[in-house]
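Novice: If you read the protein sequences in the order shown, they are chains A and B.
Under my numbering, residues 8 to 302 are what the first sequence spells out, in order.
Under my numbering, residues 8 to 301 are what the second sequence spells out, in order.
These are computed hints drawn from the structure, not numbers from a lab.
Cβ atoms here follow ideal geometry from the backbone N, Cα and C, with glycine treated the same way.
Heads up, some of the hints might be wrong.
To be verified - To spell it out: a stretch of chain B is covered by chain A in this simulated footprint if at least three of its residues, at any positions, have a beta carbon under 8 Å from a beta carbon of chain A; those stretches are: (1) 36-50; (2) 213-227.
Said to hold, decoys possible - The calculated DSS-like cross-link candidates involving lysine-lysine, where the alpha carbons are at most 25 Å apart (straight line), are: (3) A:K270 with A:K40; (4) B:K156 with B:K245; (5) A:K108 with B:K191; (6) A:K108 with B:K288; (7) B:K29 with A:K108; (8) A:K40 with B:K156; (9) B:K191 with B:K128; (10) B:K30 with A:K108; (11) A:K270 with B:K156.
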Amino acid sequence: MNLHRVRHIVGNYVFVLPALLLFLIFSIYPFYKVFQLSITDWDGISPQLNYIGLANFIDLFTDNPVFWHSMRNAFYVTFLALTVQNFLALGLALLCDRDIKGGNVYRVIFYLPPVLSGIVVGLIWNWIYDGNYGLLNHFLAFIGLEDLSRAWLADSRTALIAVSIIHMWKGFGWGFVILLAGLQSIPRELYEAARVDGANAWVMFRHVTVPLMIPVFILVSILTILGTMQVFDIIIATTGGGPGYHTEVPITRIVSTMIGSSKFGYACAMGVVFGLILLAISMVQIKASKMMRQV
Amino acid sequence: MNTRSALSLTGTANEVNYERVKKLTVSVFVHAFLVLVSFSCLFPLWWAFASSLKTQQTVFTDLSFFPSQPQWQNYLTAWTKANFGLYFLNSLFYTVCVVVGVLLIASMAAYAFSRLQFPGKNVLFLVLISTMMIPIPGSFIALYVLLNKLGLVDTRLGYILPQINGGLALGIFLLKTFFDDLPKELEDSARIDGCGRFRVYWHIALPLARPALAVLAIFNILAVWNEYILAMLVLSAKQLMPLQRGLMVFQGAHITQYPLLMAGIVITILPVLAIYLMLQKHIIKGITAGAVKG
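Working from the sequences, and respecting the hints, build out all of it.
Specialist: Encoded structure:
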């Protein structure tokens, strides 16, 4: 009887065993390993780990302006994504939420860039921004503004904004789809009731749409921040972080510290700090959303 | 009296007209804006396609939307000489392996978490799911170190296994919620008929979960097809590279061969485009359901 019961439970474990094994090997172990390596000066080859305490972290905080510059760049792109990209997405969602003809066609088109890879999108835009043959310069010449033309991605004054525009072009359709779904889940009766009470479009937006959409806004913002801060593919396919360090982001720094300079331990410390920053941002957001819901 | 009623009639007719004109104007502006945004989405893709059909000489000067002499042989060159055929088959192989792996392993685990009893079940589930929420941007370093130790760097398996693992958390979460909502009666009657756990899962639960499995498959197909960073770290042999990596290698070596690069891009996009257009309803439903629930 007892043996039978044990066999039964073991049999149940078999169902989760493959998942558990993969998870232990490829999630838990690397997670632990990042922390362990972050307090070593490991170069990726030497057989022994040389523990150096918090030296990597101290260096990172006191003597690595490039990393913090890359962080600033990521915040810059994230700020633009949170404002320009998400407001565009919200505006388009509001327009498509009305019963307009072809709403579904627009939705299919807007969500097309998000299903493409960052590499493909970056390589296509490379050519739009090209200094010699780029479409953008052709267009500027066409409307008589050739004075403005330049190699958009190689010019230190425009590289970061050019990369941000690519990122937003790829991302707005995603926010649009989620915001539109949120809008469509608002019961129509609420609008009808407000209309009967004499509310105009702005009042309805302010007092019906916005309060009900707050959870969706929070979700879209958190995912926008986490996604944009970790941007990598678009950068690597366009500028590779250049010119100089003008478009470096944390992930490109981590990768070049690891592969380029073989400072694996140091790269892990960067990963830990960056991960904690991301965690802190999302905690603040979640906390803020809870406070807003109580008000 | 006649004149008065006639007057008021024209009055309301004017008002109706005014309302209609206003509505029409607004709608024209709305559509103009939406069409403009749509154009900005589609134009770069069309331009890549048009450029893929131009020659090395004309590609920089010919600004036509469709070249007068389309060079379809560019695709043959890209497929054979530029290795995009090889990269394509690699991508296909990786995608099939990862998707099958994720569906199988995630559905088994999800079924156990939903239906079977074993000690530590809830804790285990929470730990699995929490990795979905915690960002660990440095973990690819440790993953690389691990694959190196296991001798899996520059092997197909080393590229596939971490990606199967990467799809598990979302997969288990999605499928467990789906199994939780399924009525248990069918499974109970099968069990009374003497079916074992595994046969109930395989013959009863799994076929019922087809809609959820389809959504999960689509997401993983897109994720694997578009994956880059792991391919960059793990794969350095050309014979093993998927399309995204191949595109970067090609652009690194032949930066000026735009028509071939664009042909490679079109080859990379086409399967995604086909899947997207066929299944866009499921895709959009999937991301919104996931987002609104989560």
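Novice: If a hint holds in the structure, say so; if it doesn't, say that too.
Specialist: Going through the hints against the structure:
| no. | hint | in the structure |
| --- | --- | --- |
| 1 | 36-50 | holds (count 9) |
| 2 | 213-227 | violated (count 0) |
| 3 | A:K270 with A:K40 | holds (15 Å) |
| 4 | B:K156 with B:K245 | holds (22 Å) |
| 5 | A:K108 with B:K191 | violated (43 Å) |
| 6 | A:K108 with B:K288 | holds (17 Å) |
| 7 | B:K29 with A:K108 | holds (17 Å) |
| 8 | A:K40 with B:K156 | holds (13 Å) |
| 9 | B:K191 with B:K128 | holds (19 Å) |
| 10 | B:K30 with A:K108 | holds (14 Å) |
| 11 | A:K270 with B:K156 | holds (17 Å) |
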